[in-house]
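Undergrad: Following the hints, complete the assembly by docking chain G onto the known chain V.
So you can see what is in the structure, the chains are spelled out below.
2 protein chains.
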Amino acid sequence: MRDVAIIGVGLTRFGERWEHGMRELMAEAGIHALEDAGITSKDVEVVYGSTMASGRFIGQEHVAALLSDQLGFKNIPAVRIENACASGGSALRQGYLAVGSGMHDIVVVGGVEKMTDVTTGEATTALGGAGDQEWELAQGITFPGLYALMAKRHMHDYGTTEEQLAAVSVKNHLNAVNNEYAQFRKKISIQDVMNSKMVAEPLKVFDCSPISDGAAVAVLAPLEIARKYNDTPIQILASSQASDTLGLAEREKLTEIKATQIAAADAYKRARMTPKDIGIVEVHDCFTIAEVMAMEDLGFYEKGKAAKAIADGETALGSKLSVNTSGGLKGCGHPVGATGIKQAWEIVTQLRGEAGQRQVSGAEVGMAHNVGGSGATAVVHIMKRAN
Amino acid sequence: MRDVAIIGVGLTRFGERWEHGMRELMAEAGIHALEDAGITSKDVEVVYGSTMASGRFIGQEHVAALLSDQLGFKNIPAVRIENACASGGSALRQGYLAVGSGMHDIVVVGGVEKMTDVTTGEATTALGGAGDQEWELAQGITFPGLYALMAKRHMHDYGTTEEQLAAVSVKNHLNAVNNEYAQFRKKISIQDVMNSKMVAEPLKVFDCSPISDGAAVAVLAPLEIARKYNDTPIQILASSQASDTLGLAEREKLTEIKATQIAAADAYKRARMTPKDIGIVEVHDCFTIAEVMAMEDLGFYEKGKAAKAIADGETALGSKLSVNTSGGLKGCGHPVGATGIKQAWEIVTQLRGEAGQRQVSGAEVGMAHNVGGSGATAVVHIMKRAN
Numbered sequence: 001m002r003d004v005a006i007i008g009v010g011l012t013r014f015g016e017r018w019e020h021g022m023r024e025l026m027a028e029a030g031i032h033a034l035e036d037a038g039i040t041s042k043d044v045e046v047v048y049g050s051t052m053a054s055g056r057f058i059g060q061e062h063v064a065a066l067l068s069d070q071l072g073f074k075n076i077p078a079v080r081i082e083n084a085c086a087s088g089g090s091a092l093r094q095g096y097l098a099v100g101s102g103m104h105d106i107v108v109v110g111g112v113e114k115m116t117d118v119t120t121g122e123a124t125t126a127l128g129g130a131g132d133q134e135w136e137l138a139q140g141i142t143f144p145g146l147y148a149l150m151a152k153r154h155m156h157d158y159g160t161t162e163e164q165l166a167a168v169s170v171k172n173h174l175n176a177v178n179n180e181y182a183q184f185r186k187k188i189s190i191q192d193v194m195n196s197k198m199v200a201e202p203l204k205v206f207d208c209s210p211i212s213d214g215a216a217v218a219v220l221a222p223l224e225i226a227r228k229y230n231d232t233p234i235q236i237l238a239s240s241q242a243s244d245t246l247g248l249a250e251r252e253k254l255t256e257i258k259a260t261q262i263a264a265a266d267a268y269k270r271a272r273m274t275p276k277d278i279g280i281v282e283v284h285d286c287f288t289i290a291e292v293m294a295m296e297d298l299g300f301y302e303k304g305k306a307a308k309a310i311a312d313g314e315t316a317l318g319s320k321l322s323v324n325t326s327g328g329l330k331g332c333g334h335p336v337g338a339t340g341i342k343q344a345w346e347i348v349t350q351l352r353g354e355a356g357q358r359q360v361s362g363a364e365v366g367m368a369h370n371v372g373g374s375g376a377t378a379v380v381h382i383m384k385r386a387n
Numbered sequence: 388m389r390d391v392a393i394i395g396v397g398l399t400r401f402g403e404r405w406e407h408g409m410r411e412l413m414a415e416a417g418i419h420a421l422e423d424a425g426i427t428s429k430d431v432e433v434v435y436g437s438t439m440a441s442g443r444f445i446g447q448e449h450v451a452a453l454l455s456d457q458l459g460f461k462n463i464p465a466v467r468i469e470n471a472c473a474s475g476g477s478a479l480r481q482g483y484l485a486v487g488s489g490m491h492d493i494v495v496v497g498g499v500e501k502m503t504d505v506t507t508g509e510a511t512t513a514l515g516g517a518g519d520q521e522w523e524l525a526q527g528i529t530f531p532g533l534y535a536l537m538a539k540r541h542m543h544d545y546g547t548t549e550e551q552l553a554a555v556s557v558k559n560h561l562n563a564v565n566n567e568y569a570q571f572r573k574k575i576s577i578q579d580v581m582n583s584k585m586v587a588e589p590l591k592v593f594d595c596s597p598i599s600d601g602a603a604v605a606v607l608a609p610l611e612i613a614r615k616y617n618d619t620p621i622q623i624l625a626s627s628q629a630s631d632t633l634g635l636a637e638r639e640k641l642t643e644i645k646a647t648q649i650a651a652a653d654a655y656k657r658a659r660m661t662p663k664d665i666g667i668v669e670v671h672d673c674f675t676i677a678e679v680m681a682m683e684d685l686g687f688y689e690k691g692k693a694a695k696a697i698a699d700g701e702t703a704l705g706s707k708l709s710v711n712t713s714g715g716l717k718g719c720g721h722p723v724g725a726t727g728i729k730q731a732w733e734i735v736t737q738l739r740g741e742a743g744q745r746q747v748s749g750a751e752v753g754m755a756h757n758v759g760g761s762g763a764t765a766v767v768h769i770m771k772r773a774n
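So the sequence lines, in the order shown, correspond to chains V and G. Residues in the first sequence are numbered consecutively from 1, following this note's numbering. Residues in the second sequence are numbered consecutively from 388, following this note's numbering.
One or more of the hints may lead you astray.
Claimed, not checked - Within a straight-line C-alpha distance of at most 20 Å, the following computed SDA-like cross-link-like pairs (lysine to any residue) qualify:
#1 V:269 <-> G:707
#2 G:645 <-> V:72
#3 V:253 <-> G:459
#4 V:253 <-> G:707
#5 G:707 <-> G:689
#6 V:74 <-> G:636
#7 V:74 <-> G:639
#8 G:656 <-> V:76
#9 G:656 <-> V:104
#10 V:253 <-> G:462
#11 V:74 <-> G:707
#12 G:640 <-> V:253
#13 V:258 <-> G:463
#14 G:656 <-> V:75
#15 G:645 <-> V:269
#16 V:269 <-> G:463
#17 V:269 <-> G:462
#18 V:269 <-> G:491
#19 G:461 <-> V:117
#20 G:656 <-> V:258
Since the hints were made in silico from the structure, they are not lab data.
Chain V extracted, bound-state conformation:
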């Protein structure tokens, strides 16, 4: 495998983008990314596109070919990747492999989701397709209900409290205030979270990431030619992925995401690093409990210790390990097919030193962690600014 770098990134503002359809969102993020990389559409050899449930949200499948057309790529191979909420991370990994294997030089990876054309109820049902439809959802549980089960068990086993979960949301909303692309740019309090409506006990509205529209695009190239295009290429040191059962009932434990543990172990090994080497990380906080479990499964905390540490401010912006500086899924928004690529956008932006008021000083190595469903897919990327 040869070394791979991200040479360009582009993002749309996340949120309720009533005025734009999916193709406009794709184009908006894509044009940013191509300009950022200093390339034209003619340079691109293959494109991976990711959406989770565009068929159910807007009736559109076959979105990679549409992305290719919208960005003016002429007749190149276009491949849609769908791995639920880990679609973006999975697409990024396919792009990484396409470049790393030597098959292609310039590869574009783009994720998008247009979720606000349906009702919240319809969106929640569509998102249930990330879990086991036949053995879970069809039996009556909702997708938030799956994470509520995990939260309940985590509280039972480790004494995690609802206030500690709320602290995840408070931190991520605070980070989002300084992200101009974020859906929610408003500071909230623990009490705001505690007072918000119950969705699936113990998870309240402010424990849950929102329904969002948005797109994110990244441009990859071999590191050896990356500087031809860009002065600050960000090297992907590791790109690792693992899977697990769709259904929670078939897992060994409810309080961990085994796919995250396996993907992280593989990533640390490939990058020749340990959790101590990571300065910033975007973790998959689809629900507050998900960030707590991620911090443990990624090796930053022992199992059962993360919730208190987060509540104590150990992962706030500018601490030794800054977590979800973009605002995470909770604060920045969660257009599901775009999220994994937006995470990479944030890490690239931080490692370049271009994160403005939310810049973490001295960030050297970053990680992006993207989860599909209730943990049936996990993708972990480790990146650093190329020397």
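TA: Quick look at chain G alone, frame taken from chain V:
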């Protein structure tokens, strides 16, 4: 790139499989394929799964992880590929690249679609997601209507007749009679097609591939170790893909699929072959006109000449070029996410000499041609029995 071989294939019977859900279909085809390859689930390093619209058909996204779990693969990377009706061919190509690049040895590629849990109207609407939802389908055209436009223009420009289109269906139904996995094993006549109900003029019910349930799985390995598992590995000589606009209105011509032409040209070049070298081909006959256009775009006939040639029997089973020996999408059935891999199954079965009563004698080189939507994706594979 190192040489890649298919060492195992498995298929379910295609049709209205009321008694089985998607996970059972996956398992049925998958177990066949693993047994055929002489491997166990522990040998598999990565799995690509393909469905087109499982979200809309049965509410289930995230199907590659489900496939991985159903086949007992433990926590390996699982990636769903969706490129409309070319999802299967696109997944096969990703598997080919994963092995060919040297990243992985044993890779499983599985396609499935469970289409009969919804009404025919709902299924047709879901399939419309293969075209341009915003600029075509939302304006009122149906998916068969898109191919009807192409048929009308082909008839106008080249004098193609409805009876010639009907001959495609008659040939493919005849081939399906001897395929025990086929949905329709009944000989039909030109008059049967002409008398069937109009769907979108000039296409009648018997010009259209059916709504089907089914799954197909293939196992890939480097050619250099393929004989460790299998006495008759089938080498993939070329795996090529191209894209085009989703919308017909943006294409240069209605009578050709440019993505097919580009993918075919690339495949011939990589395989160092011409159309004359191909003895059997599975082409994407989602509608009868699609087979006519494919025979021209793949270089077997000049533009405008294929329809008469097919009607004259030039592509019947056992002729110099046997086309859609499996029965094609029309006769064998078209569970959209499985079709591209089923095409490879047929070519492998023929090249091994295991096709029973539909065996083409002396078949040396085969091609599989898979199209997404009205031509926004095309994938072409060329295969031969390894020496």
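Undergrad: List, from low to high, the hint numbers that the structure doesn't satisfy.
TA: 1, 4, 11, 12, 15, 19 and 20
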